[in-house]
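Student: If you want the building blocks of each chain, they are given just below.
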Amino acid sequence: MSYKFTEDHEWVLLEGDVATIGISDYAQGQLGDVVYVEVPTVGDEIAKGDELAVVESVKAASEVYSPVSGEVIDVNTELEGAPTMVNEDAMESGWFARIKVTNSSDLDDLMDEATYKTFVEGLDE
Amino acid sequence: MLNNKGRPTQPAAISEMDTVVETFTGNKGLELESPLIFEQGVPGRVGVDMVDPQPVKSRLGGLERKDPIGLPDLSEPQVLRHFVRLSRQNYAIDAGFYPLGSCTMKHNPRINEKVARLAGLGDLHPMQPTSTVQGALELIDSLAHWLKTITGMPAVAMSPAAGAHGELCGVMAIRAAHEASGESRTRILVPESAHGTNPATAALCGYKVDAVPARKDGRMDLDAFAEQLGPDVAGVMLTNPNTCGLFETDVKKIADMVHEVGGYFYCDGANLNAILGRVRPGDLGVDAMHINLHKTFSTPHGGGGPGAGPVVLSEALAPFAPIPFVTHGENGFDLVEQRSGAAAKSFGRMKGYHGQMGMFIRALAYMQSHGADGLRQIAEDAVLNANYIRVGLEDKLNSPFEGICMHEALFDDSTLKGTGVTTLDLAKAMIDEGYHPMTMYFPLVVHGAMLIEPTESESRQTLDQFIGSMRHLLDKAKTGESDYFLSAPHYAPRRRLDETGAARNPLLRWVPPEPAETEETSLSAAS
Amino acid sequence: MRYMPHTAAEREEMLTKIGVGSIDDLFTDIPEESRLEGLLDLPLHESEMVVEKNFRKLAAKNLSPYSVPCFLGAGAYQHHVPSVADHIIQRSEFLTAYTPYQPEISQGTLQALFEFQTQVALITGMEVANASMYDGATSCAEAVLMACRVTRRKKAVISGNLHPHYRDVTHTTLQFTEFETIDLPPAVSGAERVDDHITSEIACVVAQNPDFFGRLHDLSALAEECHAAGTLLVVVVNEVVSLGAITSPGEMGADIVAGEGQSIGVPLSFGGPYVGLLATRQKFVRQMPGRLCGQTVDQDGKRGFVLTLSTREQHIRREKATSNICTNAGLCSLAFTIHMSLLGESGLTKLASLNHSQAVTLAEKLEAIDGVDLLNDSFFNEFTLRLPMNAASAVEKLGEKGILGGVPVSRLIPDDPEMANLLLVAATETCSASDMDDFVATLKEVL
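Protein chains in written order, with the working numbering: chain H, 1 to 125; chain V, 1 to 527; chain R, 1 to 447.
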């Protein structure tokens with residue numbers, strides 16, 4: 001069980017067949033002060049690549065695309081009252097949604113933590 | 001006897017005091033605060049006198065309001081003073097230079113306001129019999145004539161209420177035209193530097209928006225455009241002069257290319273000011289273009305509206321124009337208000353009644369004041385002024401695109417790299433210098449963009465002072481005085497505001513204080 | 001030309017500084033064959049004096065409704081606008097400012113917008129309101145789009161008693177989207193059975209109060225039925241003065257209120273510019289279109305105002321924006337705010353009561369005329385008469401005799417024989433007792 005990352009700076013943590021999804025610490029830093037997160041509805045069927053959530057900072061809105069397919073079984077409702085959690089704790093309490101994945105091979109082409117770190121360093125240059 | 005009484009006539013040379021003083025009222029001399037109107041009321045005050053209603057048997061069907069509304073009661077002088085005080089916290093083009101790129105903040109002549117208020121123009125009811133409003137219909141028809149002549153287009157839809165509304169009108173006409181010929185196209189091409197309204201409008205018309213990249217010279221990349229074009233393309237939306245302040249040199253080729261695949265050419269006319277009387281969009285292959293009367297023709301911006309966005313249309317799109325429109329009938333002018341007869345193919349209605357008449361009056365007065373000669377002079381002086389600024393700042397700021405610009409000069413923020421000062425900080429320091437900042441961070445394709453549009457109504461002295469001020473600020477930024485910028489503005493009614501807090505916990509209306517605080521609040525309001 | 005400062009000599013010097021020989025050198029990016037060499041085929045510039053004369057001539061060809069007895073309504077109402085309102089909106093700082101994107105130097109506009117939003121929320125009985133839309137009809141269309149987003153449903157039921165322009169603008173706005181409407185026919189007599197159409201597929205029901213024919217409705221039961229199906233109730237109000245007298249839409253359970261604010265502070269101006277109102281519940285605010293002003297503090301902790309939640313808007317969300325609308329009706333919303341501030345609680349309720357008493361007085365006189373029927377069981381300041389003749393002809397004849405005697409329903413709902421003899425008549429505080437008597441006497445002659 002370890003974090004996997006997409007090139008769009010989402011992270012996925014797979015436990016059994018449930019994937020928890022959020023955005024990376026790098027991403028929250030780039031976005032600046034997050035003011036709102038639009039999370040999906042429990043029960044939504046999401047296909048890999050579909051819009052899963054929208055993160056809003058004061059000046060920008062960014063779509064978060066689902067790295068996996070499956071059913072949304074839980075969303076982080078606390079974000080509504082405390083979007084700042086994304087800035088403060090992007091990798092843990094700032095999670096967006098949990099998806100019951102239909103195909104765990106969706107995660108195969110994602111980056112592990114070390115690779116993502118290198119990827120991000122490449123972006124900053 | 002010598003009289004040594006009387007007031008001193010020279011300032012006393014004693015002040016060692018800090019120049020920042022806190023006042024009891026929170027006012028600073030001429031800078032006067034006013035609490036919210038809701039914090040100033042005392043029940044029973046009256047701001048409008050009127051006769052007492054005749055007692056009648058209510059016909060309100062039992063729907064009489066039972067609870068109070070919660071509005072404050074004030075007298076007329078209080079209301080007047082409140083709004084006068086508020087007004088003084090605004091910057092305005094009447095008061096100073098407003099080089100806001102792509103917004104065309106030009107002089108707003110007062111004759112326009114005067115004629116818009118004439119009895120028989122400003123007070124007409126939209127549902128009067130047309131026989132009683134022949135002058136109003138003639139006015140609309142006359143404005144339409146000016147707009148068609150200026151743009152070289154055969155038709156104009158007058159009713160759209162603003163620029164984005166005009167875009168919607170144009171793209172709806174395009175979709176209606178395709179549907180009338182049995183075609184269902186799905187895509188609209190938009191340059192990546194487009195106004196955000198373009199993709200929003202296309203989406204509302206059911207089109208998928210594909211962005212076309214720009215070339216190194218800031219114009220649309222024709223090769224990329226050609227690749228994207230196909231039989232599924234409904235049209236292209238292009239701003240010209242574009243949002244980088246440049247004329248799209250290949251505009252005619254772009255028009256030909258889109259026409260070749262059966263698509264239409266929508267031109268965003270936000271920047272028409274630059275080409276008035278120098279070129280007519282109709283000669284460039286345009287099928288539809290909205291005209292922001294509040295920009296080019298100076299109906300005032302009014303702090304964010306109202307605007308007006310008539311759309312000129314080609315022969316191909318004209319039959320699909322929205323209702324209503326003015327026609328020449330047997331007994332003078334007539335209004336077509338229903339989708340039948342001359343309007344059988346019309347795509348519908350965009351707003352209530354007949355359009356932004358108040359703006360039509362002002363725009364026509366502006367056009368008559370300028371005439372054909374003045375209109376051409378507008379474009380020439382607007383472009384002259386923008387290039388004057390470009391040349392005046394070019395050694396201090398980087399122009400991302402080389403060469404002559406149209407009505408606005410575009411710079412990026414590369415000069416500021418490493419200074420700790422951003423485009424935003426620079427803009428806030430401009431406020432202290434007495435300027436409204438330029439447009440920032442737009443177009444998105446240029447990093448830290450600064451878009452400066454001086455317009456034709458500014459004098460050379462104003463431009464020289466502005467250039468001097470900008471050079472001064474840039475030098476200051478480069479010599480490490482970043483704190484000065486980060487804490488700017490210093491001399492505005494408010495310092496920088498917490499926009500993050502506002503967005504996280506939106507407080508969008510006044511709410512009455514808890515009862516315990518009521519007394520205190522009304523006391524402070526009364527002071 | 002008086003609006004442009006440069007002298008010929010200055011232009012030459014500036015060209016030299018730019019490094020070009022002539023003004024034409026600045027326009028070489030325009031394709032050569034398309035450049036205009038001469039002037040446009042339009043008159044040359046005119047002095048201010050001549051321009052003013054031109055407009056006076058045009059004005060003289062119109063009949064000012066303030067110069068004759070006027071009973072026109074149908075969504076635009078003649079009211080007295082206090083001179084303070086028109087004076088303040090002509091102050092440079094309000095008239096000639098741009099959208100308040102730089103809040104430090106735009107607190108005047110921003111605070112006024114915040115006050116506007118509060119006033120609109122209060123009178124409609126809603127939690128929040130935006131900073132205004134183009135007009136009532138566009139507000140109505142935007143409310144339907146918003147309801148579809150909120151509910152994620154695709155159909156709206158439109159009452160047949162909605163102002164026809166509002167219905168048409170809604171149709172036009174929706175026609176190329178995935179959303180559609182179910183349109184009920186105008187119900188001139190008998191109650192409209194909106195509830196028959198409410199299902200779990202319906203995003204919203206749109207109902208007007210007072211309706212197009214002037215009748216008042218208690219929408220509470222409809223609101224309950226809507227909510228039971230997860231449907232939103234959109235209430236349209238195009239005579240906002242009525243809100244000083246009747247139960248607010250919010251109290252009746254409305255989820256969105258779309259209104260026309262022209263009656264407060266905005267001149268008739270032949271139909272525009274007006275000011276669209278849009279109010280809703282706090283929980284829907286992120287799905288709300290248009291500009292919003294919010295309260296915050298500045299660096300020194302002083303209260304201040306900013307435009308907020310702009311990520312909903314087109315300049316950031318682009319094709320995913322809540323709406324393509326960019327501007328609000330800034331100056332008209334300011335006029336509204338000033339007039340409403342002058343009225344206050346006591347003024348608005350008195351104005352409403354005065355309007356109602358005027359309308360009741362007039363209705364009683366008119367329904368006493370032989371052959372004239374009053375259609376309304378209830379009304380605020382406008383009602384519908386059935387005349388014993390074609391209403392459009394009657395209005396023409398009244399016009400010839402110097403009376404603007406109402407709006408024939410057929411002008412807005414044509415080709416429907418049931419509407420041919422119907423006349424909408426409005427009476428506001430602006431009509432005098434003698435205006436009413438003239439109208440009644442002249443109508444008797446005409447019929």
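Quick caveat, the hints were computed from the structure, so don't treat them as lab data. Errors might be hidden in some of the hints.
[What the hints assert, rightly or not] The calculated DSSO-like cross-link candidates involving lysine-lysine, where the alpha carbons are at most 30 Å apart (straight line), are: (1) 252/V to 345/V; (2) 155/R to 208/V; (3) 302/R to 345/V; (4) 478/V to 396/V; (5) 216/V to 17/R; (6) 208/V to 48/H; (7) 57/R to 302/R; (8) 302/R to 59/H.
[Said to hold, decoys possible] Negatives, chain V to chain H, calculated, CB over 10 Å: (9) 24; (10) 27; (11) 42; (12) 70; (13) 94; (14) 107; (15) 209; (16) 230; (17) 328; (18) 495; (19) 499; (20) 500; (21) 503.
No residue lacks a Cβ here, since even glycine has one placed at the ideal position from N, Cα and C.
Student: Over 10 Å to the closest beta carbon of chain H is the bar; see if residue 500/V clears it.
Tutor: violated, 4 Å
Student: Within a Cα-Cα threshold of 30 Å, do residue 478/V and residue 396/V meet the stated pairing?
Tutor: OK: residue 478/V and residue 396/V at ~10 Å, within 30 Å.
Student: Given the hint that residue 208/V pairs with residue 48/H, does the C-alpha gap stay at or below 30 Å?
Tutor: holds, 21 Å
Student: Would the least Cβ to Cβ distance between residue 107/V and chain H come out above 10 Å?
Tutor: Residue 107/V is indeed farther than 10 Å from all Cβ atoms of chain H, at 31 Å.
Student: Any Cβ of chain H at or closer than 10 Å to residue 499/V, or is the non-interface label fine?
Tutor: violated, 5 Å
Student: Against chain H, does residue 24/V keep a CB gap of more than 10 Å to every residue?
Tutor: Given a closest Cβ separation of 35 Å, the condition holds.
Student: Quickly compare the C-alpha distance for residue 57/R and residue 302/R to 30 Å and report which way the hint goes.
Tutor: violated, 52 Å
Student: Check the hint pairing residue 155/R with residue 208/V against an upper bound of 30 Å on the C-alpha distance.
Tutor: holds, 22 Å
Student: With d taken as the least Cβ-Cβ distance between residue 503/V and chain H, does d exceed 10 Å?
Tutor: violated, 4 Å
Student: Say whether it holds or is violated: residue 42/V keeps its Cβ farther than 10 Å from all Cβ of chain H.
Tutor: holds, 37 Å
Student: CA of residue 302/R to CA of residue 345/V, is that 30 Å or under?
Tutor: violated, 56 Å
Student: Does residue 328/V really sit off the interface, with its C-beta more than 10 Å from all C-beta atoms of chain H?
Tutor: Per Cβ check, residue 328/V is outside 10 Å of chain H; nearest 49 Å; holds.
The structure does not agree with the numbered hints 3, 7, 19, 20, 21 stated previously, though it agrees with the rest.
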